[in-house]
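Chains A and B, in that order, are what the protein sequence lines are. Just so you know, we're using the numbering used here here: the first sequence kicks off at 1 and counts up by one. Just so you know, we're using the numbering used here here: the second sequence kicks off at 1 and counts up by one.
Check before you lean on any hint, since a few could be wrong.
Stated by the list, open to error - In the DSS-like style, the derived pairs of lysine-lysine whose C-alpha atoms are separated by at most 30 Å in a straight line are:
#1 A:135 / B:145
#2 B:145 / A:239
#3 A:253 / B:145
#4 A:444 / B:264
#5 A:119 / B:108
#6 A:30 / B:108
#7 A:429 / A:88
#8 B:264 / A:215
#9 B:110 / A:223
#10 B:110 / A:135
What the hints assert, rightly or not - Here are some chain A residues the structure puts well away from chain B; computed CB gaps all over 12 Å:
#11 112
#12 121
#13 135
#14 173
#15 194
#16 200
#17 234
#18 244
#19 272
#20 330
#21 331
#22 363
#23 433
#24 455
To be verified - Covered stretches of chain B, as calculated for chain A (at least 3 residues, CB under 8 Å):
#25 209–219
#26 232–241
Source of the hints: derived by calculation from the structure; they are not laboratory data. Since this is a predicted model, take the numbers as computed values, not measurements. Every residue gets a Cβ at the ideal spot worked out from N, C-alpha and C, and that includes glycine.
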Amino acid sequence: MRTALILLLLLGFAAIPGSIFPQRSQNPLKVSDYFKSNPGTAKFLDQLKMFDVYSSPWFSAIYILLFISLIGCVLPRTFEHLKGIGAKPPLTPKNLHRMEFHTQVEFGSLDLAEAWFKKRHFRIRRDSNSISAEKGFMRETGNLAFHLSLILILIGIGLGSLFGMKGDAIINVGDRFINIPTSYDVISFGKLQSEKALQPFSITATDFKATYELKTGAPSDYKLTVNISDPVGSKEVSKVVRVNSPLTFGSTKVYLQANGYSPLVTVRDKTGEIKYQGAVIFLPQDGNLTSTGAIKVPDMQPQVGFIGSFVPTFARNSQRGAFSTYPEVLDPRLLISIWTGDLGLDSGNPQSIYRLDTSKMERIGLKTLKLNEKYDFGQGSITFEGWTPWVNLQIVKDPGKFYALLGSIFAILGLLASLFTRSRRIWVKTNVDTPGVEVAGLAKNSAPGLEFEIASLVNEMRG
Amino acid sequence: MSSTNYAYLSNYAIYSAMVLFTIAFFAHAVEVAFSVRNLDEKTKFDFTRTKRSGNLGTVMMVLAFIFLFAGVIFRGVSAHRVPWGNMYEFSITGALAFTGAYIYALWKYKIRWLGLPVALAVLLTLGTAITLLYRPSAPLVPALKSTWLAIHVSAAIISGGVFLLANCIAATYLILDRYESKGGRPEWARKLPTLDVLDQLTYRLVAFVFPLWTFAVIAGAIWAESAWGRYWGWDPKETWAFITWVAYAAYLHARVTIGWRGRKAAWLCLFAGSTFLFNYVYVNVWGTGRHTYSGL
Ligand code: HEM
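Next up, chain A with everything else stripped away, as it sits in the complex (with noise of 0.2 Å):
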């Protein structure tokens, strides 16, 4: 038991480095950074997996200590307890002036007796000259559907990361998404589960409105309108997705996690011809969503890359330059910098899609378009046509969600069950030298209340 106590603390105590260092599993740039910033210690602390605390080697020792202990303790108690549900309460003891509650009265029966507890419930045990009676029997099943219910729970979070999976996918609005691997930006999949199982749905996204606070620019609500089609081709049905209504395929399920803005820009070489046409995905760097990213142009000769800004409202002051105040497009601008020479594409390097790699490149201009505006850079043009939302969406696969939720209903109920119960047992004996009973109590865990228990059924024996 001491063992447990201390595993129990223990576990808690493991617990807290996860919040003090950033965490892979949550905030990898953060991670990078931390790296950055201080390259020694980071080192020492990745070797004692201060970075994946929750994933650790000795993180996992504990918990599994925990549950072997908890199991070694639970259920032979368990199967003790079942046993004990017909039995009949234990022999009365020899002595009972040891007990806390001990009374020897001048009058009653054994007979008065039992009717006093056959009235309230109690498990009786009638010999030739005592009875003895028990209740709570609730307190140990509850105590034991809660531990029980623990494991149960740790089932359920095993099942999850065996055999679920997750990802993100970032979708302009108008665009399709089809749920196979290489639709999403990040995804990664349990370790006993594999592509073939992802689901064959897709979604089209319609329509996404974002409503925002007038005074402080804050988010009220987005609602993204979809058709979704499972399986693929199946006939589609429209749907809407909130923040906290995510779509349901089976076990997937698909949340609206964030949004932002992709600008539509066309690019033309000399002659007029398009070289570029899109909606391009930038990333929001601010609660107004003023938004970053890059386009690149490899059919140009030579190539052409821009470093964008999109401001969905305008506003410029010598401090911050060029910003945006509210988070809805009210008065938009494309911000760009233009850039010519070796987009680095061929390089074999992986490249982030919203970052320009400028070592082998040249700036050539710098411009504040305005919609619809179009801008001669010498070796081509820049429209600014438009823009559309993206949003992202995370799919996220946990086929042992269910059993965790129910593992915590059987939890807190077993736990009222236990917390709530009273478990005492009560004794009356008769004996030959003295007149009258002898009546003696025991409540397990000092519950209160026993004392005037004892003194209702003195009463009733009283008559």
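Got chain A sorted already, so can you dock chain B with the ligand onto it with the hints?
What follows is chain B with the ligand alone, placed relative to chain A:
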């Protein structure tokens, strides 16, 4: 009436509650400080001298509770939502739950002496709230709009109020225990309950709210599942909620299965309570993670 008017009304109600708490605080201070008159011999004491002052304290406490209640409700009306969307609102609602827990315990267990630390703790909470944490009343960002949020936060706030009360009692236990081991209680403390009663009371309160806290954590997980796609992510706030849960489970185990009583149990209870406070202050104010986006 407009939203702004309700917001003002809420502020006035809370200021008034603070005045009432201050009066309650002084009334209880007088009660405790001057309660014992030593009659002729050393062994005989009169505890009734400051009874009236204590009664005044209780009346003020109940009135303050009513005003605070009104303040919290008006705040909710002005923002058209449950009044726990930011730190300021957690604080006023938490203070309300704490006072409520005290009044309930007062009625059930006759622990009027607790009024002094309770009034002080509430004044500190409300003072910090209106000076440092105040935010104008505003609607919630979309992720916070959920029935589960309302359920989760109200359960967490009530649990917090009771944890705090249990901590007050455990601390009192330790102080009195020190006096007693050094030769006896000072006069002002003679009227307080015996150590045994304090010990039991602490346990009762913890055993009473532990299921509620468990429920609060689970409701939070359900809400996180519907908003963020995962029910548990070891975000700092979640981590500390878990630590608090484990710490109180350890306290209950220590008492029930190993039979810890008194001093050791009181320290463990204080430790568990401090993990709750730490979560509230540190993680909300300085922490990172997804729970910090409510603009304090
Ligand atoms: C290492 C594994 C564990 C073992 C062997 C264990 C065993 C026990 C035992 C024997 C009791 C006694 C109940 C009684 O007789 O009244 C108990 C109670 C309890 N346990 Fe555990 N337990 C374990 C893990 C946990 C965990 C992980 C938690 C939750 C964090 C927990 C929470 C509780 C609670 C709340 C009680 C009720 C205490 C009360 O009645 O006041 N236990 N446990």
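Okay, the hints, checked on the actual structure:
At most 30 Å may separate the alpha-carbon atoms for a hinted pair to count; residue 135 of chain A and residue 145 of chain B exceed this at roughly 45 Å. Under the criterion of a C-alpha separation no larger than 30 Å, the hint pairing residue 145 of chain B with residue 239 of chain A is consistent with the structure, at around 20 Å. Distance hint between residue 253 of chain A and residue 145 of chain B is fulfilled; the C-alpha atoms sit about 19 Å from each other, no more than 30 Å. Distance check on the hinted pair: residue 444 of chain A and residue 264 of chain B sit about 21 Å apart at the alpha-carbon level, within 30 Å; holds.
Annotation: proposed proximity of residue 119 of chain A to residue 108 of chain B holds, straight-line Cα distance about 28 Å (limit 30 Å). Proximity of residue 30 of chain A to residue 108 of chain B is assessed by CA-CA distance (about 51 Å); at most 30 Å being required, the pair is judged violated. With a CA separation close to 17 Å, the supplied pair residue 429 of chain A and residue 88 of chain A stays within the 30 Å bound. A hinted pair counts as satisfied when its Cα atoms are at most 30 Å apart, and residue 264 of chain B with residue 215 of chain A does not qualify at roughly 53 Å.
Pair hint residue 110 of chain B plus residue 223 of chain A does not hold up; C-alpha atoms about 53 Å apart against a cutoff of 30 Å. Taking the CA atoms of residue 110 of chain B and residue 135 of chain A, the gap is about 29 Å. The hint holds against a cut of 30 Å. In this structure residue 112 of chain A is separated from chain B by more than 12 Å, as the shortest Cβ-Cβ distance comes to about 33 Å. Listed as a non-interface residue, residue 121 of chain A keeps its Cβ farther than 12 Å from every Cβ of chain B; the least gap is roughly 24 Å.
In this structure residue 135 of chain A is separated from chain B by more than 12 Å, as the shortest Cβ-Cβ distance comes to about 18 Å. The Cβ of residue 173 of chain A lies farther than 12 Å from every Cβ of chain B, with a closest approach of about 17 Å, so its non-interface assignment holds. No Cβ of chain B approaches the Cβ of residue 194 of chain A within 12 Å, the least distance being about 21 Å, so the stated non-interface status holds. The Cβ of residue 200 of chain A lies farther than 12 Å from every Cβ of chain B, with a closest approach of about 20 Å, so its non-interface assignment holds.
With a least beta-carbon separation of about 25 Å from chain B, residue 234 of chain A lies farther than 12 Å from that chain, consistent with its non-interface assignment. Not every beta carbon of chain B lies more than 12 Å from that of residue 244 of chain A, the smallest distance being close to 4 Å; the non-interface claim is violated. Non-interface status of residue 272 of chain A relative to chain B is upheld: no Cβ of that chain comes within 12 Å, the nearest being about 44 Å off. The beta carbon of residue 330 of chain A is kept farther than 12 Å from every beta carbon of chain B, the shortest such distance being approximately 20 Å.
Non-interface call for residue 331 of chain A relative to chain B: holds, since the shortest CB-CB distance, roughly 24 Å, exceeds 12 Å. With a least beta-carbon separation of about 35 Å from chain B, residue 363 of chain A lies farther than 12 Å from that chain, consistent with its non-interface assignment. For residue 433 of chain A, the non-interface assignment is confirmed: its Cβ lies about 36 Å from the closest Cβ of chain B, beyond the 12 Å cut-off. With a least CB separation of 20 Å from chain B, residue 455 of chain A remains clear of the 12 Å interface cut-off, as annotated.
Note: the stretch 209–219 of chain B has 5 residues with beta-carbon separation from chain A under 8 Å; the three-residue rule is met and the coverage holds. Restraint check on the stretch 232–241 of chain B versus chain A: 7 residues with Cβ-Cβ distances below 8 Å, three needed, restraint holds.
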